[in-house]
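There are 4 protein chains.
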Amino acid sequence: MSRTPPVRIGVIGAGRIGTHHATALARHTAAAELVAVADVYPEAAHALAEELGVRATSVETMLADDTVEAVAITAGSTAHAELIRRAAAAGKAVFCEKPMAMTLADFDTAIGACEQAAVPLQVGFNRRFADDFTAAHDIVASGGIGTPHLLRSLTRDPGLADPASVPPWTIFTQTLIHDFDTLNWLNPGATAVSVHAFADALVAPGHKHSGLLDTAVVTIRFDNGALATAEASFSAAYGYDVRGEVFGSAGMVTIGSPAPLTMQHWTASGAARRTERSDTDLMHRAYVGELAAFCRSVRERTMPTVGGADARAAFEIALAAIASVEQDRTVSIGEIKDDR
Amino acid sequence: MSRTPPVRIGVIGAGRIGTHHATALARHTAAAELVAVADVYPEAAHALAEELGVRATSVETMLADDTVEAVAITAGSTAHAELIRRAAAAGKAVFCEKPMAMTLADFDTAIGACEQAAVPLQVGFNRRFADDFTAAHDIVASGGIGTPHLLRSLTRDPGLADPASVPPWTIFTQTLIHDFDTLNWLNPGATAVSVHAFADALVAPGHKHSGLLDTAVVTIRFDNGALATAEASFSAAYGYDVRGEVFGSAGMVTIGSPAPLTMQHWTASGAARRTERSDTDLMHRAYVGELAAFCRSVRERTMPTVGGADARAAFEIALAAIASVEQDRTVSIGEIKDDR
Amino acid sequence: MSRTPPVRIGVIGAGRIGTHHATALARHTAAAELVAVADVYPEAAHALAEELGVRATSVETMLADDTVEAVAITAGSTAHAELIRRAAAAGKAVFCEKPMAMTLADFDTAIGACEQAAVPLQVGFNRRFADDFTAAHDIVASGGIGTPHLLRSLTRDPGLADPASVPPWTIFTQTLIHDFDTLNWLNPGATAVSVHAFADALVAPGHKHSGLLDTAVVTIRFDNGALATAEASFSAAYGYDVRGEVFGSAGMVTIGSPAPLTMQHWTASGAARRTERSDTDLMHRAYVGELAAFCRSVRERTMPTVGGADARAAFEIALAAIASVEQDRTVSIGEIKDDR
Amino acid sequence: MSRTPPVRIGVIGAGRIGTHHATALARHTAAAELVAVADVYPEAAHALAEELGVRATSVETMLADDTVEAVAITAGSTAHAELIRRAAAAGKAVFCEKPMAMTLADFDTAIGACEQAAVPLQVGFNRRFADDFTAAHDIVASGGIGTPHLLRSLTRDPGLADPASVPPWTIFTQTLIHDFDTLNWLNPGATAVSVHAFADALVAPGHKHSGLLDTAVVTIRFDNGALATAEASFSAAYGYDVRGEVFGSAGMVTIGSPAPLTMQHWTASGAARRTERSDTDLMHRAYVGELAAFCRSVRERTMPTVGGADARAAFEIALAAIASVEQDRTVSIGEIKDDR
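Protein chains in written order, with numbering that gives the first Met the number 0: chain G, 0 to 339; chain S, 0 to 339; chain E, 0 to 339; chain Z, 0 to 339.
Bound-form chain G, shown alone:
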């Protein structure tokens, strides 16, 4: 057997996650070959490209380059849908960070473009590639906890650097979108039907007047009866915290810890463990895993395991949570779908 050639990928967006993904593609993903980096700020693209020994380019040039097989989109969220559409039109396979789009109409346009171009579209829900979460999913999917009754997913970021720069509803569309997808995925075959949310600015109350929400609890009823909770905070003093739980008729899985290392330090103060401080530390293997899976999909011409329909389903819950906060009531997913 001869060696499978790596997938030639360009990265669009050279910010924090773009830098992580480009580096992961260049250095930790054998199935990928990073070939170019683009950014609306050319200097950012150049710096990252030079660091990784690839070329900086424009999106236009990247999409026009026939040797580029795929793109990873890590640009600003509002640009995602249009970039997907253009990449699909250029015949590139697409990996896009969450949220894939910011309106349901944009979701449909972007998904349709990929379908029409017959290119794979994968969305960056990294928990689907984290060892702990996938082990739990395997158990749930194979009936190891019976029928899901109660689910929980939470995300707590390690700190809120600049509250003034946070766009409205970020906690739902950028943060809890991960949890909404996780809950959908861990409740296989079920669909959300009702959503309720409480949210507030507790981390930075001074920014509440300008619309900041930094703490939220969302409850979801699914069509199989299961009840789920998604919870987020923008400031966990102890680090980055991503956990999950699925409780069913025959058992439970619990997932995750902000202190994954087994090392413990015992002193006169008690027993201490180190916590992880960033998503790119805690989820590094998951990030690398999702990129490797994307390359496999491209090379083997299979559908990504997490695509546009999944991203749209998670976004519907985000919209329902927003409506719940705005109107202080339970909101049905049906209303959201009808209201698009």
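Among the clues, some could well be false.
[Stated by the list, open to error] The calculated label-pair distances, taken between Cβ atoms and stated as ranges, are:
(1) THR3(E) x VAL192(G): 38 to 44 angstroms
(2) ASP280(S) x ARG15(E): 27 to 33 angstroms
(3) GLY111(G) x GLU42(Z): 37 to 43 angstroms
[Unchecked claim] Listed next, the stretches of chain E that the computed footprint assigns to chain S, with coverage defined by at least 3 CB atoms under 8 angstroms from CB atoms of chain S:
(4) 128-136
(5) 184-191
(6) 244-255
Just so you know, the hints here were simulated from the structure itself, not pulled from any lab data. Virtual Cβ for every residue (Gly too), placed ideally from N, Cα, C.
Starting from the known structure of chain G, fit chains S, E and Z onto it as the hints suggest.
Structure of chains S, E and Z alone, referenced to chain G:
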């Protein structure tokens, strides 16, 4: 120093918890002397009394007996308030299982009777006496996690023996009442302001038509902004599960495990730990602790740390959760108070 | 069924452990009735007796009292064997703290006296009654780890208050004697055959010249081939530490933690748990359990599960470890037996 | 800043670990470029080379190739020292799997050759690059546990496929050599002075007559007084098990778990976690880490953190353990050094 004489206590109610409490008072609580047992079924009282070497009696006789200093009420919930009133009128100190009463009016009558008689009244919220929970509370109360932002409390019973016998709203008034009190206690000085609940019959769906709710998720907004989740199921395949979590501006405490034993068994199947199967196993030390604390209050003439006002506050949340389910909306605690 | 009358017990020795045991018998052991306390220092006996509401007495009077059914011996180790002999001669059931005796000849005399008087003799190896250890033992004894290959038992005391007062070889005869019994018990049916020990004064090196050993590692080969390690220190900064491990052909059990509480505190410093600081905290349930088991043996006229032969077997290992240190070589148990 | 060119490496040895290392260098180590694979069985080299898209070659050719900067030696242990000597003579930087050599004379020859050629020499002690172990080492080295008093290191392999093929003393020279190095490393600045070992064939007793030892416990006294235990088995039913512990005057670190994943599965049987089944799974990050560190040493012309002197020190303990088993006595390291 001479020995403090034990508190002479009668137990009213010889059911499952009454049997546990009477046994704990007789055998594991040095500060108590069990002197009598009463029950509406005299044969139940006789069997338990004989087992423990004390006398079976009627409530009337017990309350008329001047050598009885205190009573522990573990009768049916609907009888609690009236029994408290009579015991207080007879000058007995009162320990009452939760829920202390079934209407806000009955709460007020019972609390008023104890105040007028100047007898201590303690309610059976056992988590307040569990080592893990009290250690967490000490940390929260001393500022160890900063200001609470997100709380969680859950109760999962190990099985639902007879769904047909479960009175309506039991999951809120009997089960989650523990969690409501725990959340109030772990958010010191704060008061619940809004409540939302999702609930269903997922364990025994065939009994939903007769009003069974066996699975519930309640979210609560407090007046300090904190958002809390209380969660219950009537059937945890793996045993009895009581846990808590308080996340705040400076950190978090996590509390409880259904597998508290440190022993692990490692085989070709992986690593296994034993789970506890009943409240009286998992919470045994907490049950004994609450009875010992009650005896101290009686002997030292101090106020119990968990009394009628706490029980009423938890019950208000239960009523709001019921209203939320009935009306499918967020309910404010103010409505409940006004509606009594 | 009528109530089983409690066993009437006198405690001989009002020191730290005597105080704990007398209190446990009086207040936490329903099957026992503490009736008297004796000590070579009458004032110590009086203080403890008054605290617990029983009478202080002499050993002579206690043994002559026909209403006393049993004694718990917690006096100085060198007095144990003779006290056992006298108690047995007086027809009392005997619970004796470890070490049961200080020479093999004394073991044999004391064991013989109890056999001749047909009174039960139980030795205070508390780990045999600790929940974690008994759960592990049940698994090992039922074949859950196959044949034992490697064992470990350790004891680390929380601090060394007065190094000058420690008698020679204490670490083997008083501390590791627990571990030697634990290893024997967790390797059912096997017998120690060879012993090697390294020991030193690392906690209080200034006392090494007067014979102090405060740190030791003992390895043992059993006749079923299993290899065991026993390890002790007199000063664990983080608290009291008792753990065990049995590894066999089909798996492993791991036992114990100095931080048994499930509560965790998460802050900017990481995740922290509280450790236990004393044997009477960490092992409280085990201590109460061993006294309750002793009462059952007395009342039901059954052999204690841990008796004189077990204590002698553990002491043989202690003697071999001492010889190993003295002679810097592997010592066979056969030499010890022959040398008595 | 421009990109640092990767280190061009050839792998000598295409067996199990050679395949792992070659793959790690080719696919997971950005700082390395795998250029060639050699093996005494050319077909093994060809298969691996083709899989990884590099060339198969002979050792001679590889060493004569000026574009090869470094070699990773994963051939049979008895060939290591001579291969190191030849590679050093050819000016290649050397990474060598443990054990680096099989006699002290060979250690000295190989170390001297690297010194003379001024090439870096790193030995494959992977625990020095495992996250848990390095976090513990950092704490120990910075005084976080005070002065080490008691240490433990253990290795348990998941199974013994072919007992007949195991060379004599393998458990000491191939398996426990890891633990000897770990103990030296975790007791910074200290040197082993006395060694005692018990060993047996408990996994495959039928092979004991031909010299198999599959289970061993080694105790070591260091010159700072610390006492250490190293323990190994060739057959852990539950998977691959590597753990460590350092206990000192101010605290303790505990390291490792065969069930590192945080996911737990709770069912009617209790709580279960998955265990890891191979060294290349459990230690994957450590293996990649050691190769990356080697590349940094080559590129930055720094001394590897674990070199020939460390490997020799660990091997001295292995030789002392062998002598202890052969002669059934405590053996001083001085005897080993004198006896070379």
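Subject >> Hints breached by this structure >> reply: 1, 3, 5
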